[in-house]
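Colleague: Could you put the whole structure together from the sequences, leaning on the hints where they help?
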Amino acid sequence: MVNNAELMQKAFEKTVDEDLLLDCMRCGFCLPACPTYIHTNAEEAHSPRGRIALMKAVRDGKVVWDASIEESFNMCLGCRACEPACPAGVQYGPLIEQTRHAIQLGKTRKPLEKAVRGATFDGLFANQKAMTGAVNLVRFYQKSGLQKVTRKIGFLNLFPPFMKEMEGVLPEPAKKSLPALPQLPKKQIHVSFFSGCLMDTLFLETNRKTIALLEMLGAKVTIPKQQQCCGALHGHSGEMDKAKRNARANLDVFTDDSVDYIVNNAGGCGAFLAEYDHHLAHDPVYEKRAKTFTEKQIDVSSLLVKLGLPEFLQTLQPTARKKITYQDSCHLRNVNGVSEEPRQILKSMTGFEYEELVGANTCCGSAGIYNILQPEMADAILETKMQHVQDINPDIVVTANPGCLMQMQKGIQATCSHHGDQTATHIADLVFDYIVENTSV
Amino acid sequence: MNAQFLNELTELLGKENMKTTQAQLLAYSYDATANFQALPDVVVSPRHTEDVVAIVKLCDRYEVPIVPRGSGTNLAAGTCPTQGGLVMLFNHMNQILELDADNLTLTVQPGVITQTIHEYVESKGLFYPPDPSSMKISTIGGNVNENSGGLRGLKYGVTKDYVLGLTVVLPSGEVLTCGGKLAKDVAGYDLKAMLVGSEGTLGIITEIVLKLIPKPVAQKTAIAHFDSLDAAAETVSQIIAAKIIPATLEFLDNGTIQAVEEFMHLGLPLDLQAFLLMEQDGEEAQVERDVAQMIEIAKENGAIFTAVAESEAEAMKLKTGRRVALSALARKRPTTILEDATVPRSELATMVRAIEQIARDYRVQISTFGHAGDGNLHPTCLTDVRDAEEMERVEQAFEAIFDASLKLGGTLTGEHGVGEMKSPYLAWRLGEEGMFVMRAIKQSIDPKNIMNPNKIFAKSQKLRVVIHHGE
Chain B
38 MVNNAELMQK AFEKTVDEDL LLDCMRCGFC LPACPTYIHT NAEEAHSPRG RIALMKAVRD
98 GKVVWDASIE ESFNMCLGCR ACEPACPAGV QYGPLIEQTR HAIQLGKTRK PLEKAVRGAT
158 FDGLFANQKA MTGAVNLVRF YQKSGLQKVT RKIGFLNLFP PFMKEMEGVL PEPAKKSLPA
218 LPQLPKKQIH VSFFSGCLMD TLFLETNRKT IALLEMLGAK VTIPKQQQCC GALHGHSGEM
278 DKAKRNARAN LDVFTDDSVD YIVNNAGGCG AFLAEYDHHL AHDPVYEKRA KTFTEKQIDV
338 SSLLVKLGLP EFLQTLQPTA RKKITYQDSC HLRNVNGVSE EPRQILKSMT GFEYEELVGA
398 NTCCGSAGIY NILQPEMADA ILETKMQHVQ DINPDIVVTA NPGCLMQMQK GIQATCSHHG
458 DQTATHIADL VFDYIVENTS V
Chain Z
554 MNAQFLNELT ELLGKENMKT TQAQLLAYSY DATANFQALP DVVVSPRHTE DVVAIVKLCD
614 RYEVPIVPRG SGTNLAAGTC PTQGGLVMLF NHMNQILELD ADNLTLTVQP GVITQTIHEY
674 VESKGLFYPP DPSSMKISTI GGNVNENSGG LRGLKYGVTK DYVLGLTVVL PSGEVLTCGG
734 KLAKDVAGYD LKAMLVGSEG TLGIITEIVL KLIPKPVAQK TAIAHFDSLD AAAETVSQII
794 AAKIIPATLE FLDNGTIQAV EEFMHLGLPL DLQAFLLMEQ DGEEAQVERD VAQMIEIAKE
854 NGAIFTAVAE SEAEAMKLKT GRRVALSALA RKRPTTILED ATVPRSELAT MVRAIEQIAR
914 DYRVQISTFG HAGDGNLHPT CLTDVRDAEE MERVEQAFEA IFDASLKLGG TLTGEHGVGE
974 MKSPYLAWRL GEEGMFVMRA IKQSIDPKNI MNPNKIFAKS QKLRVVIHHG E
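In order, the protein sequence lines correspond to chains B and Z.
Numbering (this note's numbering) for the first sequence: 38 to 478.
Numbering (this note's numbering) for the second sequence: 554 to 1024.
Honestly, the hints are just simulated from the structure, not real lab data.
Glycine included, each C-beta is placed from N, C-alpha and C at the ideal position.
Fair warning: there could be bad hints in the mix.
Said to hold, decoys possible - Just so you have them, the derived chain B footprint on chain Z, three or more residues with Cβ under 8 Å:
#1 565-578
#2 583-589
#3 622-636
#4 639-652
#5 875-886
Unchecked claim - With beta-carbon atoms standing in for the labels, derived distance ranges:
#6 B:P131 x Z:D824: 30 to 40 Å
#7 Z:L823 x B:Q263: 43 to 53 Å
#8 B:D103 x Z:E569: 18 to 28 Å
#9 Z:R600 x B:K360: 38 to 48 Å
#10 Z:Q910 x B:N111: 33 to 43 Å
#11 Z:E651 x B:N398: 23 to 33 Å
#12 Z:E569 x B:Q427: 45 to 55 Å
#13 B:E50 x Z:M817: 33 to 43 Å
#14 Z:E837 x B:T259: 56 to 66 Å
#15 Z:M554 x B:K360: 48 to 58 Å
#16 B:H315 x Z:L744: 49 to 59 Å
#17 Z:G726 x B:D103: 32 to 42 Å
#18 B:T352 x Z:G710: 32 to 42 Å
#19 B:L215 x Z:R600: 53 to 63 Å
Modeller: Encoded structure:
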C-alpha cells in the first residue's frame, strides 16, 4: 500500500507554491488579525503564521501528515484578515486554497464524504438549474408550514449543508414585482450583472433591487444568461479543478467587451471573481479573457458610489430614524479592499443613525460553509460578534454578502430576546426600501 | 523525551494546559528569526505562579530545558527551542492585575499584549511609552525579557526604564520578588535591572510592576527630505544640540526610500539620500515650538523638502514611509534578516556609509532604516535562505557590520537581544571580563543550565578578525 503521508507530501510539493511560502518572515503581525487564533486563546497552530509553517513543513517532509495538521488547516475560516495585516505581502488566500487542493489530492477519502462532496460541488453549486430546483423545493416546505417538521426529520440532508444550517433564516420568497423607483438622468455606463448562485435563488429579490438601483442611477444593466456559481465554495474547499470549470463557464458567457464594469453584490463571490486571472494564469485559452474579466470587476457599493448614490440619498427627507451598523464582508474588505464605500452610502441616509460596530472588520464565522464544518468555532466567533452588536443595539445590521447576512440573522435570533425588532439586511435591500419609503413616484 | 517526565507534567497541569500534537509542537518550533527552527518536546500554559514553580522544579529534576515564550516575535532566535525541551506560554497569565493611580504603577501578568497596556492606561490619561514595532502582538513578558525598545526610545527610554518590580521563579523553583512600587530603592544590587533583558536565561518572570507617566496632551509630526546623508545626520545632531529631545526621530536610507517608493508610490524622489521623520509630544505650545525649530534646522542643513502635519490624518500620511519601510524591503526577496546594530548618535552617517560599503564588499543587498535619534539602526538584509553560498556572504557581512559598529563605540544589538543568533559574537562586545562576570552570574543561579540554554551564551565564540573597509 502506498503510504498516505508520502502521498500527501507529494501533493503539497506539487500544489503549494514554495515561493509564496517563503514570503512569510514569521514576524507574527498576522496573529492579532486572525479570529481562530484569538478564539483559541492564542493557539499558534490556529494562526496564519502557524499554518504557513505547517504547509512548509509538510511540503518539505519535515512532519508526517496527521489529524492534528489537518485540523489546523480545517480550522482556517479563509477570511483573509491576515493579508492586510501582513507587512511582507504574503498571499495567504492562494496558499490556503492550494493547501486544501493538495489535501484533496493526497487523501484517500471515505466513500460517504466523497458522495456528499460530489453531490454538492458537482451537482448543486455547479449547476444553476439544480440550485433553483433545490431552492424551490425548500420553499415548498417553508410555505406549507412543514419547516418545523423538516428540521426534525432532516429532510434537508439532501441539500447543500449550507442551506440546511441556514434553514431557520432563509429569506422570504421574492415578491412578484417591485415598487417603482424614481428615474434619474441616463448615464453613458453599461454594466453586466453577476447574479451569483445563492443570490439568484434564495436572494432573488435582493438581486432585483440591486439592478433597480443601478438602473435608477442611469446605468444600463445586462444579465448574461447561463451564468454559474463563481466557484468560490469549490475553491475554498480544495476543489480547485471544479472552481476553474465554473470560472471558464462564466468567462464563456461574460463576453461583451463593451461593458464598463461587471458588478456583483456578494462579497464572497466578488473576491473570487477578482482572482479569476490568478486562477487561470496558465490557461492557454482563458488567461487573457480572465484578465479582462478581472479588471472589470466591481462590487455594488463601489459602483453605486461612482454613480452618485450618496448625493442622491442626501436629497431625501425621511421622518423616522433608526440605528444601523455595518458588518464587513471579509472578502470584500480583505481581498477587494472595499470598506469605505458601503459606509459612505449608509452614512448618507439621514433617516439612519450610523454607529460603527466594534470589530466590524473581523469575520462573523459564516465563511462559506465553515459554520457547518466547524460549528463550535463558528459559534464562538458569532457569540463574540453578537456581544459587540448588542453593545450598540442597532435596529438593523447591514451586510454585503449572503453568507454574512444569514449568519447575522442567526446571531440575532439567538440573542434577540431583548431585541425583538432587530434585523439584518443586505445593503441593496436597505437602500432600495429606504428610497421607496422616502420618495413618491 | 522522558515518558516519566511527561506523565508527571500531565499530573501537575492536566492535558488541557499542555500541547503535544505534532501540529502544536511545530507551531512553537520557531520565532521571527530567519533560519532557526527546532521542535520542542512539549508546550505548556501555566495558570499562575504556583504552576510555574511546579513546572520549574520538575524540569530541574529531569534537567529539561525551559524556553519562556510570549508571542514569538523575537528577532535573535531567543525563543526558538533549539535544545528541545519545554516551551512555556503565558496565554493564561494575561491579566492586568492592578492600576495604582496614587503610585502611578500598573501590575500585570507576563502574557498581557503590549498594545492592550497602551490602550488601557491611555484610557485613564496615563502613558506607558515603550513601543516596539511588534507591540500589537508582543507580550509584556517578552518585552521585559528582551528589554525591548521602540520608536520613542530617545525621549522616553526603553522597557527597563519602566520596570519597577518583578516576581521571578528561579531555576531552583524559589520565588524571588525584587523592586516594587518605589521610585527610589538602593537596598543591595539592583536585581530587577539584571533580570530585565536576561532573555529567560535566569528565571521565569511571572509578575511585573510597571511605571506609568501622565499622557502627553499634544503631538505633532513632520518630515524632511535630504539629498545628502551628512545633511540628515547633521540635522539630527543639531536638533539634539538645540536641546530638543523629540519623541521620535526616524531615518530611512536611499535603498529603503527606493523600496518604499516602488511599493507605495508616495512620490519620493528615487535619488533621495535620506528621509527623516520627526515627532514631538508634550504641552501644545512647546510641541509647536519644537517642531517649528526642527524644521528650521532641517532647512538650514539643506533639506530639499519639509512638511508638517496639520491633522491626525495628515500625520498618518507623513508617517507612511517609515511605517511601511520593513514591508517594502521584505517584499523584494524571499528572506529578510533585520539587525539592530547601534552606534553613538554622532556616528550615524559614518555607520550608514560603512554598511553601504560592506554590502558592496560582500555583494549582498542591505538597506538601512531606524531610530536616528538614538543611533539604533536596522540594517536589513534581503536574501534567500535556499542559496547557501549567498547566506555565507550574508553572515560575513553581518560580522563586518558588528565589527564596524563596535569600532565606532557601538554595540551588537540595541533592542532585539542576543538570543542564539548573536551569541557567538557577544565576547566582541563584552570582552573576556564581561563574559566572565555574566557566566558567573548564570552559573550561580542556573547551575544545570536549564533556563533557555544556548541563548546569550554560545558554545563557542567567533574569533574577531579585524577587518578594514573602505577608508
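Colleague: Work down the list of hints and note, for each, if the structure agrees.
Modeller: Evaluated hints:
no. : hint                        : in the structure
1   : 565-578                     : holds (count 5)
2   : 583-589                     : holds (count 5)
3   : 622-636                     : holds (count 3)
4   : 639-652                     : holds (count 3)
5   : 875-886                     : holds (count 5)
6   : B:P131 x Z:D824: 30 to 40 Å : 36 Å, holds
7   : Z:L823 x B:Q263: 43 to 53 Å : 50 Å, holds
8   : B:D103 x Z:E569: 18 to 28 Å : 20 Å, holds
9   : Z:R600 x B:K360: 38 to 48 Å : 41 Å, holds
10  : Z:Q910 x B:N111: 33 to 43 Å : 51 Å, violated
11  : Z:E651 x B:N398: 23 to 33 Å : 32 Å, holds
12  : Z:E569 x B:Q427: 45 to 55 Å : 30 Å, violated
13  : B:E50 x Z:M817: 33 to 43 Å  : 35 Å, holds
14  : Z:E837 x B:T259: 56 to 66 Å : 58 Å, holds
15  : Z:M554 x B:K360: 48 to 58 Å : 57 Å, holds
16  : B:H315 x Z:L744: 49 to 59 Å : 56 Å, holds
17  : Z:G726 x B:D103: 32 to 42 Å : 35 Å, holds
18  : B:T352 x Z:G710: 32 to 42 Å : 56 Å, violated
19  : B:L215 x Z:R600: 53 to 63 Å : 58 Å, holds
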